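Asks: Sequence:
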Amino acid sequence: MLPDNLGYLFDTTLALTPSKPAVFQGDTVLSYAELDGRCNRMANALAALGVGAGDRVALCFNNDVRFLETLFGTMRLGAVGVPLNIRMGDEALRYVTEDSEARVLVASAALAARGRALAAQLPAIEHVIVDAPAADGTLAYETVAAAASPTRARRATAFDEICMQPYTSGSTGKPKGVLLTHGGQIWNTDIMRKALMADDTERALIAVPLYHKNAMAGAVKPFLLAGGSLVILPGFDALEVIRAIDRYRVTYLTGVPAMYKMILAEADALAKHDVSSVRYAVCGSAEVPDELLEEFRRVFGAPIGESYGLTEGGPVPIVNTRWGLKKRGSCGLAFPGCDVKLVDEAGAEVDVDEVGELVTRNPGLAAGYWKLPEATAKKFRDGWLHTGDLLRRDADGYYYFVGRRDDMINVAGENVYPKEVEDILLQHPNLRDACVVPAPHDVKGEVPIAFVVAREPGAIGEDDVRKFFLERGAPYAHPRRVVFLDALPLGGTGKIDRGALKARAREPGA
Numbered sequence: 025m026l027p028d029n030l031g032y033l034f035d036t037t038l039a040l041t042p043s044k045p046a047v048f049q050g051d052t053v054l055s056y057a058e059l060d061g062r063c064n065r066m067a068n069a070l071a072a073l074g075v076g077a078g079d080r081v082a083l084c085f086n087n088d089v090r091f092l093e094t095l096f097g098t099m100r101l102g103a104v105g106v107p108l109n110i111r112m113g114d115e116a117l118r119y120v121t122e123d124s125e126a127r128v129l130v131a132s133a134a135l136a137a138r139g140r141a142l143a144a145q146l147p148a149i150e151h152v153i154v155d156a157p158a159a160d161g162t163l164a165y166e167t168v169a170a171a172a173s174p175t176r177a178r179r180a181t182a183f184d185e186i187c188m189q190p191y192t193s194g195s196t197g198k199p200k201g202v203l204l205t206h207g208g209q210i211w212n213t214d215i216m217r218k219a220l221m222a223d224d225t226e227r228a229l230i231a232v233p234l235y236h237k238n239a240m241a242g243a244v245k246p247f248l249l250a251g252g253s254l255v256i257l258p259g260f261d262a263l264e265v266i267r268a269i270d271r272y273r274v275t276y277l278t279g280v281p282a283m284y285k286m287i288l289a290e291a292d293a294l295a296k297h298d299v300s301s302v303r304y305a306v307c308g309s310a311e312v313p314d315e316l317l318e319e320f321r322r323v324f325g326a327p328i329g330e331s332y333g334l335t336e337g338g339p340v341p342i343v344n345t346r347w348g349l350k351k352r353g354s355c356g357l358a359f360p361g362c363d364v365k366l367v368d369e370a371g372a373e374v375d376v377d378e379v380g381e382l383v384t385r386n387p388g389l390a391a392g393y394w395k396l397p398e399a400t401a402k403k404f405r406d407g408w409l410h411t412g413d414l415l416r417r418d419a420d421g422y423y424y425f426v427g428r429r430d431d432m433i434n435v436a437g438e439n440v441y442p443k444e445v446e447d448i449l450l451q452h453p454n455l456r457d458a459c460v461v462p463a464p465h466d467v468k469g470e471v472p473i474a475f476v477v478a479r480e481p482g483a484i485g486e487d488d489v490r491k492f493f494l495e496r497g498a499p500y501a502h503p504r505r506v507v508f509l510d511a512l513p514l515g516g517t518g519k520i521d522r523g524a525l526k527a528r529a530r531e532p533g534a
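Count the sequence shown with our numbering and you get residues 25 to 534, in order.
I should point out that these hints are in silico values taken from the structure, not numbers from a laboratory. Since the structure is predicted, the reported quantities are computational estimates derived from the model, not experimental observations. Heads up, a few of these hints could be off.
Stated by the list, open to error - When the alpha-carbon atoms are kept at most 27 Å apart in a straight line, the in silico BS3-like pairs for lysine-lysine are as follows: (1) 365 <-> 218; (2) 519 <-> 365; (3) 44 <-> 218; (4) 443 <-> 519; (5) 350 <-> 198; (6) 198 <-> 351; (7) 350 <-> 402; (8) 351 <-> 365; (9) 468 <-> 491; (10) 491 <-> 350; (11) 218 <-> 402; (12) 351 <-> 218; (13) 198 <-> 526.
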């Protein structure tokens, strides 16, 4: 039976096998009973500070089990957790925290100083709890937790009550608070558990940021619901991932292509450690190149499944299930109970193999944006979320990500999808990475510029790349400039920072 409150996600395992390990973090092992008790302690500690239903609690954490204790404890009160993207700059982080109207801020040991400095700028924050000694008016996490009771009376929770308020990245304006509901998140978590075939024998490694959907939707929630175990690393380090797989006999990985590339590059460590326990891996945020899929299967003996999601959308409406056919380049099939359509600019459904904007209607959709009724009305219409993402669907119902509508390049009236240009460029044997963005053009309005990374620097030039593309792609879509980089810039979740490259392409002389 599923709980009505996301904070009690692991109730079934708690009742059946309370001593089973729920979390491994370094030398610390927490059973389900111990994790539950610590979640209750944080709920009671926050309640003693005056936090109640509907109040916001900001979480300023690197990867740490205390993030989960605070998040689930907050939810158990009926309060709302606000996970902060700690890779944001100070000004953006201040804006998000202030906009959320958080009354309490909780910070990990590594971010205690930043948490204190952030709270000092925001009078609305009444209490600061840090995993460090109490100082300057702040409270020590372990002290307040130890003083609180490990038991708590349950409160009834409605399906549409808000449980979490993550913020969008702000790539198209200021970050927006996304209102996720208890019922919606429990529905999506159960669907993900089934799609991943997660059970109580699994051990999922968490090296992606806990504040991001790749960690929470892709591992934490479905595996806790299934009664599996989490292995939490403080952050991503390829060598530490390999060591952790061996030490904890990890069965499941979640990440982005850049992470898997870095892991596979550690040939000596892979040869030294036993990584045969890995059964499955999931990749979000970007398409996985053929050679990466093949090399991962050769080294780990396990497949990588691609998926598609966005914070507002459930967050995962399309995924490759662990069983069944997986098609190259496809992010999978729509979930049962999840309506998905691809539409043109007039709102009409497009035909098979045509590109359209994905719109979805499912129980996991966000309730809207925090304090932004106009943005909510624009994005959520008649029960459907208009994602702004462009996909195509084949005759078998498999979906393929093409790009963001905002990333599409209009070359004198011709639509150019950056991903299609990138796919052709990456067929070149001496190109490792590529990212195509628009640049202003006096005659055509805008044209593609390609930022690329060569496998052998100096062995290929700009003219070679353009010629290679023109032999295979549409002339109007060819990159007018090719810029060689040592590496493509990455954002906070390991995705290519397309915004940084767009800004560079707009610079004079680019």
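Asks: Of the hints stated earlier, which fail here?
Replies: 5, 6, 7, 10, 11
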